[in-house]
Amino acid sequence: MAIEVVVDVAAPLRTTYDRWTRFESFPRFMPLVQAVTQVRPTVTRWRLGRGPLHHEFEAEVVEQHPDERVAWRSLDSRFPHRGEVTFAATGERRTRVRLVLDDDVLAHRWSEPVVRRLAVAQLAAFGRFVEGVGDAGETWRGTIRRGRVTAVEKDAPAHPGWVHG
Amino acid sequence: MPTNAQDPDASTDGDQLEVTEPKDWAAGVPAVAHALGYSLSQTSPTKTAITLLTMNQVDGIDCPGCAWPDPEPGKRHRNEYCENGAKHINDEATSKRVTREFFAEHPVSDLATRSDKWLNQQGRLTEPMVKRPGSDHYEPIGWDDAVALVAGELRGLDSPDEAAFYTSGRVSNEAAFTLGLFARAFGTNNLPDCSNMCHESSGFALHETLGTGKGTVSLLDIEHADLIFVVGQNPGTNHPRQLSALEAAKRRGARIIAVNPLPEAGLKRFKNPQKPRGVVGAGTEIADHLLQVRPGSDLALFQGVNKLLLEAEDHAPGTVLDQEFIDAATDGFDAFAAHVRAVDLDDVAAQTGLTRAELDTVAEEVLRADRIIVCWAMGLTQHRHAVPTIREVVNFLLLRGNVGRLGTGACPVRGHSNVQGDRTMGIWEQMPDTFLDALQAEFGFDPPRHHGLDAVGTIRAMRDGTVKVFVGVAGNFVRAAPDSEATEAAVRRCRLTVQVSTKLNRSHTVCGETALVLPVLSRTERDRQDSGEQGVTVEDSMSEVHLSRGRLEPASPLLLSEVAVLSRIARATVGERVDVDWASFEADYGTIRDHVSRVVPGFHDYNRRAAQPGGFRLPNPVNEGVFPTETGNARFTVNEGAAPRVPAGHLLLQTLRSHDQWNTVPYTDDDRYRGIHGDRRVVMAHADDLADLGLAQGDRVDLVSVADDGSERRAAGFRVVPYPTPRGSAAAYYPETNVLVALDDVATTSGQPASKAVVVRLEPVA
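Chains as they are written, first to last, in the numbering used here: chain A, 1 to 165; chain B, 1 to 766.
By construction, these hints were calculated from the structure, which means they are not laboratory data.
Among these hints, one or two may not hold up.
[What the hints assert, rightly or not] According to the in silico footprint, chain B covers these stretches of chain A (three or more CB under 8 angstroms from chain B):
no.	stretch
1	31 to 44
2	158 to 164
[Said to hold, decoys possible] Interface residues of chain B toward chain A, partial, derived using beta-carbon atoms under 8 angstroms:
no.	residue
3	Gln121
4	Gly123
5	Thr126
6	Glu200
7	Gly203
8	Gly332
9	Leu406
10	Asn620
11	Glu630
12	Gly632
[Claimed, not checked] Keeping only pairs whose Cα atoms sit at most 20 angstroms apart, straight-line, the calculated SDA-like set for lysine to any residue is:
no.	chain 1	residue 1	chain 2	residue 2
13	B	Lys250	A	Leu75
14	B	Lys117	B	Glu18
15	B	Lys250	A	Arg78
16	B	Lys23	B	Asp670
C-beta atoms are modelled at their ideal positions from N, C-alpha and C, and glycine is treated no differently.
Input sequences plus hints: build the corresponding full structure.
Here you go:
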């Protein structure tokens, strides 16, 4: 099953893309998301829920191309799924964001209309957030291909770089 | 021929030796029972409960037992420890005390005849003791006098390089940083540490090929790997919590290949005492394949597998190698490929003792797996060709892009909780200029730039009389070191030996002219300083840094913390020479962390981040897409090397831990997974080899080793035990067999003693 949702955002391409990659800010506009931790460039940890009920899982970013797209797979053993979001400039301050969610498990566990409604709502919330908040500031502008960081625009983080016995 | 005249273990007559069938499963309810039984024999039920319930919990005690990491806060079990950790912690928290009366009753010469187990059983040290020149007894000394004695001796040396400061992995980050700073303020880089005997080979190999000397794997990766190799490692005894992670991986569908000369129980089946299936059920089978290779043949194994992978790529181009990764982020592939293609697989089979079918099976498993991790320990690092071997493991990982992605990577598993942290804090005799520059900028003095001595170098220098003062912080240097006879003679030549310790061990009984025993708080004890109760930080194998806080009352009112002892010695020795506020270090460890935050990369905001639940992770550059090697790429290498040739009538001996042993400390004489009870002076060998040698179970033999330079060393009085070791090899416990490991028989490049490749013969005795 594949679900495709589109939203037009009144913001520049780069701002929109950069905002999407700041996963730790998602709780600000997605009520169901309690917390997101960027464990490493290719892995995020998500905590969904409301009140005392919550569910945690990790997601692996398999593709990340600045100003173009982000693709991931969730590592949730109960609800595994894949997703991809692409970005295209439709004007100087307009960006089309396309979200595709794809997995057979979704088809078994949830009804398509329910998932579609959720996806539409979350994407719209993202769009409003970007329009309201604007510039994303300094973000990680690296490239990920097939689950591996292949290019970084900034230096790698500081680490103790001597031989460890 | 040297004999071990003062061998403390020679008193065992072996009548208690009992051999049963080796187990084929590890942990389970017996592990819990054993842990509790041992704990309760050492301490009270209350103390036992406090230690076990706070062990490895957030804001609790970090278990010194090994460096396997803790799960995320919130995912930790209530009982987040293993049998060994429980014993270790409660061994430290024992109610028994070593008092001045004890030392009055037992002269040093008597203590030097006692076994490691007996010494450990005597309990916690309670006050500083000194052995004066010419005396055979330790007598009490006050702290101020003890500190003044050390400072006086150090200041009286002709050169700061006549002192050496040894660190063992119990030492916290704060104490390690203080020690390294002090040594350099004093003027030397003589900083041997236990890594020199442990994963030094891993550090060199990984640093050269990946640009980081640490493992690239976290628990998350283990969870999401398709195939995990466990090579030269015995997690059932040495890292039981790793079995939990491997079990979880298996249940998610991962495959596991164990590579080990011995069929260790923990590699076969794990009964998790925390899960019903482990208590009443059959547990989980861990290894899908157990490859019983000859010791030291892992280089041949991985070269053989690499060759098979290249051939598979030839047959189906584009399906085996991660060509995009190889082209974009590595160098050296062509030379590596040419070399490996010339490898003869029949040779590999002969060297490893495996069949061609077993090699093919490994290749098939590799081809089926998208994400692969290789874990290893001393089985790879304690060989002369350890560095080439580990480099070949990296070649293997690079071929299919198994670094830098989730579920992939190199996983050297360390055996002591803060061995990695100590090195991060600067305990290394070869720290780079970047670190020394940072130290200079922070503290305003010029640290020495010339490299210092590692463990083997320190032993040689003591032997030659060029190191005269030896300070050991934690650990049991005399038993951890190779070539026990030579090491002990060397230590005895010192003018002054100082041991900063919690419990009695042999290193207190092998003394310089003057010897000091400086007792300190253990990990389990409350550490009260002027600014309040202190926590210390440690770094596990997966580069996570977290706080440890003790909960128990100190074993004696006269104990100081490691930080306090080192700060006071530093102040007394170099106080007027450098502008360092040592007293503030002692009063508030946060001060130390503030300095570290400006000196060690990755430790910005150290205090705040350490206080977070679960602490913080030091990012590994490989997972950030960066290989900080000389070329900026990951590096394929061409590697050669093999285990030493074993002459007829000889076997290749590996020294190893028994179960119920933690590093140099045996808790009991019960190696229950291997079915050997009651005696530690045993040598395990294949029944057919024993038959060829005319030996049978229970026969008494001397082990005689033949070093690379032809010199011989003897360990007397061992019982023969037939055991499924590979033909041509044998196994025996350390530290009893360290006497057989020649000082000069070390790994190339890393200088690590080759303790798993000792050529020996078994000489029958009446």
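Going through the hints against the structure:
Using a Cβ-Cβ cut-off of 8 angstroms, 5 residues of the stretch 31 to 44 of chain A lie near chain B, which meets the minimum of three, so the contact claim holds. With a cut-off of 8 angstroms between beta carbons, the stretch 158 to 164 of chain A has 7 residues touching chain B; three or more are needed, and the interface restraint holds. Given hint, Gln121 (chain B) at the interface with chain A, is violated; its Cβ is 31 angstroms from that chain's nearest Cβ, farther than 8 angstroms. Restraint check, Gly123 (chain B) versus chain A: the minimum CB separation of about 31 angstroms is more than 8 angstroms; hint violated.
Interface restraint check: Thr126 (chain B) against chain A, minimum CB-CB distance 33 angstroms, threshold 8 angstroms, status violated. Interface restraint check: Glu200 (chain B) against chain A, minimum CB-CB distance 4 angstroms, threshold 8 angstroms, status holds. The interface hint given for Gly203 (chain B) holds, since its Cβ lies 4 angstroms from the closest Cβ of chain A, which is under the 8 angstroms cut-off. Proximity of Gly332 (chain B) to chain A is violated relative to the hint, the smallest CB-CB distance being about 19 angstroms (cut-off 8 angstroms).
Interface restraint check for Leu406 (chain B): the shortest CB-CB distance to chain A comes to about 5 angstroms, inside 8 angstroms, so the restraint holds. Of the supplied interface hints, the one on Asn620 (chain B) holds, with its beta-carbon coming within about 7 angstroms of a beta-carbon of chain A, less than 8 angstroms. Contact between Glu630 (chain B) and chain A, as hinted, is not supported at the beta carbon level, the nearest pair being about 12 angstroms apart and thus beyond 8 angstroms. For Gly632 (chain B), the suggested interface contact is broken, since its CB lies about 11 angstroms from the closest CB of chain A, more than 8 angstroms.
Proximity of Lys250 (chain B) to Leu75 (chain A) is assessed by CA-CA distance (about 16 angstroms); at most 20 angstroms being required, the pair is judged to hold. Proposed proximity of Lys117 (chain B) and Glu18 (chain B) is supported: the alpha carbons are some 18 angstroms apart, at most 20 angstroms. Pair hint Lys250 (chain B) plus Arg78 (chain A) holds up; C-alpha atoms about 17 angstroms apart against a cutoff of 20 angstroms. Between Lys23 (chain B) and Asp670 (chain B) the CA atoms are separated by roughly 13 angstroms; this keeps the pair inside 20 angstroms, and the hint holds.
This entry does not satisfy hints 3, 4, 5, 8, 11, 12, going by the numbered hints stated previously.
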